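Chains P and D are the protein sequences, given in the same order. Per our numbering, the very first residue in the first sequence carries number 1; after that it's consecutive. Per our numbering, the very first residue in the second sequence carries number 1; after that it's consecutive.
FYI, nobody ran anything at the bench for these hints, they're computed from the structure. Mixed in with the good hints, there may be bad ones.
What the hints assert, rightly or not - Residues from chain P that keep clear of chain D, each with C-beta distances beyond 10 Å, as calculated:
1) CYS35
2) ARG48
3) ASP131
4) TRP145
5) GLU204
6) LEU231
7) ALA242
Unchecked claim - Coverage of chain D stretches by chain P, computed from C-beta distances (three or more under 8 Å per stretch; other residues unrestricted):
8) 53 to 61
9) 112 to 119
10) 179 to 186
Because the structure is a prediction, the values reported are computed rather than measured. For every residue, glycine included, the Cβ atom is placed at its ideal position computed from N, Cα and C.
The residues making up each chain are set out below.
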Amino acid sequence: MTKQKGKIIAGVLAPHPPHLVYGENPPQNEPRSECGWEELRWAYERCRKSVLALKPDVLLVHSPHWMTVVGHHVLGLPHFKGISVDPIFPHLFRYSYDLKVDVELSLAIAEAGKQKGLITQVMKNPDFRVDYGTICALHLMNPAWDIPIVSISSNNSPYYFSNEVGQEQMLQLGDATREAIEKSGKRAVLLASNSLSHRHFTTEAEIPEDMSKEHIYHHGQYLWDMQILKLMREGKAKELLAVCPEFFDMASAEVKAGALAWMLGALGIPDYPATVHGYGSVIGTGNAVVEWRAPEVRL
Amino acid sequence: MKNSIITKALIVPGLPHPLLAPEKNPGWQKLRHAFEEARKEIENSDADLILYFSTQWLSVLGYSFQADPKPSFTHVDHNFHALGSMKYEFRVDTDFAKVYAAKVKALGHNTMLPNYYGFPIDTGTIVAQKLLNPTNRLPAAMVSCNMYAEKQETISIGRAAATALQESGKRAIAVLVSGLSNRFFVKEVDAKDDHISSAKDEEWNRKICELLSEGRLEDVAQVAREFGKEANGDMGFKGIWWLSGLCGETNAFSGKLHGYAPIYGTGNAVVTLTPKEPVLARTPDTTSNAIIDAPGAPEPVGAYPHARREGDFLFLSGVGPRARGKKEIPGVTQDSSGKVISYDIEIETRSVIHNVKAILEASGSSLDKVVDVQVFLTDMQKDFPTFNKIYAEVFGKIQATRTTIEINRLPTPIHVELKVIARV
Ligand SMILES: [Fe+2]
Chain P
1 MTKQKGKIIA GVLAPHPPHL VYGENPPQNE PRSECGWEEL RWAYERCRKS
51 VLALKPDVLL VHSPHWMTVV GHHVLGLPHF KGISVDPIFP HLFRYSYDLK
101 VDVELSLAIA EAGKQKGLIT QVMKNPDFRV DYGTICALHL MNPAWDIPIV
151 SISSNNSPYY FSNEVGQEQM LQLGDATREA IEKSGKRAVL LASNSLSHRH
201 FTTEAEIPED MSKEHIYHHG QYLWDMQILK LMREGKAKEL LAVCPEFFDM
251 ASAEVKAGAL AWMLGALGIP DYPATVHGYG SVIGTGNAVV EWRAPEVRL
Chain D
1 MKNSIITKAL IVPGLPHPLL APEKNPGWQK LRHAFEEARK EIENSDADLI
51 LYFSTQWLSV LGYSFQADPK PSFTHVDHNF HALGSMKYEF RVDTDFAKVY
101 AAKVKALGHN TMLPNYYGFP IDTGTIVAQK LLNPTNRLPA AMVSCNMYAE
151 KQETISIGRA AATALQESGK RAIAVLVSGL SNRFFVKEVD AKDDHISSAK
201 DEEWNRKICE LLSEGRLEDV AQVAREFGKE ANGDMGFKGI WWLSGLCGET
251 NAFSGKLHGY APIYGTGNAV VTLTPKEPVL ARTPDTTSNA IIDAPGAPEP
301 VGAYPHARRE GDFLFLSGVG PRARGKKEIP GVTQDSSGKV ISYDIEIETR
351 SVIHNVKAIL EASGSSLDKV VDVQVFLTDM QKDFPTFNKI YAEVFGKIQA
401 TRTTIEINRL PTPIHVELKV IARV
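Take the sequences, apply the hints, and build the full model.
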């Protein structure tokens with residue numbers, strides 16, 4: 001019997017501010033909060049409902065906090081367990097994780113990438129600590145942790161040449177990811193774990209979740225974010241990718257790390273509109289939860 | 001030198017290869033030996049602690065100071081995980097961390113004293129600790145590298161370490177964990193074929209190594225920005241500003257280059273600097289209302305600084321197109337008597353903007369933080385359209401307020417000058 005062709009059933013721009021996990025107080029996270037960043041947390045709730053209803057077999061994450069310099073890496077062991085402490089906000093995020101990796105698909109992506117001339121590596125050190133960007137995005141998308149995952153690193157080195165070269169390589173990685181998913185026969189959801197504009201405040205409110213202190217770093221960054229979201233909502237991924245290299249520099253955008261381009265590449269540069277589940281700032285940075293659902297994937 | 005707060009300053013690379021896989025490549029082995037020599041230089045030192053600044057420990061909210069007295073974990077590098085794991089347990093001087101944090105807080109920065117199990121200590125600090133201080137003979141102190149900090153701020157964080165040492169009555173070995181050129185190969189390279197990514201990076205690295213082996217720490221700090229830009233210096237090589245700020249901003253050291261070698265295309269050196277004169281903390285710290293002279297900008301032609309900071313604002317003196325250390329003015333052709341034969345307003349304007357940028361950056365600001373510009377032109381009718389076009393290229397997106405005035409003459413034979421106010 002031939003396997004049914006696998007499919008990317010949804011792609012999500014899934015930012016990973018640890019603040020969102022902190023605001024929620026899940027049992028895995030040690031610090032406690034009163035509240036905080038509800039707009040984004042509720043956006044995640046809506047997105048989660050929509051995506052999990054599709055019953056995905058696997059969640060794939062591309063995170064800027066697994067930063068690699070030689071090649072694109074994937075987790076290559078079936079199980080990782082440990083504590084993730086955010087080096088920048090350790091007072092908000094000390095999370096005990098326990099996750100299962102879809103090793104077969106991970107290896108297939110690494111192999112497909114290699115076929116395309118990309119450098120890929122499979123991470124097989126059992127002591128490895130999974131980065132907090134991956135953990136946060138996965139928790140926010142699927143707090144039950146009952147779906148296997150694929151974790152892909154953010155390879156920084158192509159950006160030595162230019163933003164365009166870097167982005168081009170992420171699109172190729174996206175293509176490789178799609179091919180591997182199609183061969184796997186699985187129904188996959190892609191999580192691009194990036195925020196948008198990425199200027200942080202360098203000070204913090206006395207109570208981190210004091211929402212009266214939360215706002216975007218400056219108006220220019222907000223305008224950029226709105227421009228980017230407008231293109232997403234209008235289904236103009238091609239135009240979006242064209243302005244991205246400028247966006248990286250003008251808004252110190254975290255999407256420079258490649259997750260968004262990877263996902264759009266994997267989705268075949270979608271020409272259909274995305275759903276913005278919500279937008280909000282976290283310590284000055286712009287974040288949106290956005291879902292791309294291929295028109296043919298209906299409930 | 002009993003009264004020196006610094007007994008030795010070191011610059012060491014933070015990649016795990018010399019620790020985990022020296023046998024795989026002669027260069028990595030050389031660095032391992034270099035570390036070994038450096039360790040021997042400090043093994044009998046009577047310092048009270050070893051103080052680290054690593055370019056791999058990045059912070060956003062001001063500065064962090066390791067405050068776990070006994071951090072322990074098994075660390076795996078994000079990129080070079082195949083080389084193996086690094087199990088560690090360190091001894092930390094948390095009293096000093098607190099004093100240092102208080103000094104940095106007094107400068108107006110957010111500070112954090114993380115004391116959490118599992119807090120990720122960066123690869124660079126672990127490698128340096130394991131190779132330089134393997135038995136925890138000296139307690140360690142660790143300060144983070146702020147992602148957004150520029151030159152002046154980073155120097156002031158170094159100076160604050162000096163003040164903290166002075167106040168605590170402690171002497172330290174200062175360690176900057178930083179690579180030199182930081183351009184990794186984008187392709188996999190066999191360990192045996194490792195070399196510096198580009199000839200230009202290599203030249204720059206050699207120059208930096210030469211200066212350091214002559215003990216010229218402050219001179220290296222002065223060229224760091226250029227090095228950072230030209231050779232993709234590790235975090236812009238900003239760590240050197242911290243080290244120089246801590247060590248008195250002088251060249252009074254005897255330097256020794258223990259080894260220099262490539263790791264995956266990047267440049268790496270192990271250097272020790274021994275003070276020739278006692279290093280003392282300078283007081284008082286004036287960085288918050290500083291008078292700024294930018295090494296990249298033309299020499300002032302009168303009794304004024306390039307810029308002056310008041311609160312969160314930076315006021316620049318009028319900036320023209322002249323280039324530092326040069327008689328010829330960019331865009332201006334003069335005869336032998338100095339009379340202007342012709343000038344090109346486009347070249348002059350670009351040079352003015354270049355100088356403004358240099359002053360802003362030396363002051364911890366940048367072009368995108370400019371809020372107000374006054375423009376002086378000597379020939380509005382002829383020069384305004386070209387000037388306006390070049391201006392828009394740079395300032396169009398910044399949207400600073402602007403006033404343009406025609407004037408008879410400027411103090412030197414130039415035709416455009418800018419007076420700028422910016423945020424810091
Ligand atoms: Fe992030």
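Hints versus structure:
no.	hint	result
1	CYS35	holds, 20 Å
2	ARG48	holds, 27 Å
3	ASP131	violated, 7 Å
4	TRP145	holds, 19 Å
5	GLU204	violated, 5 Å
6	LEU231	holds, 19 Å
7	ALA242	holds, 17 Å
8	53 to 61	holds (count 5)
9	112 to 119	holds (count 6)
10	179 to 186	holds (count 4)
Consistency with the previously given hints fails for numbers 3, 5, ordered from lowest to highest.
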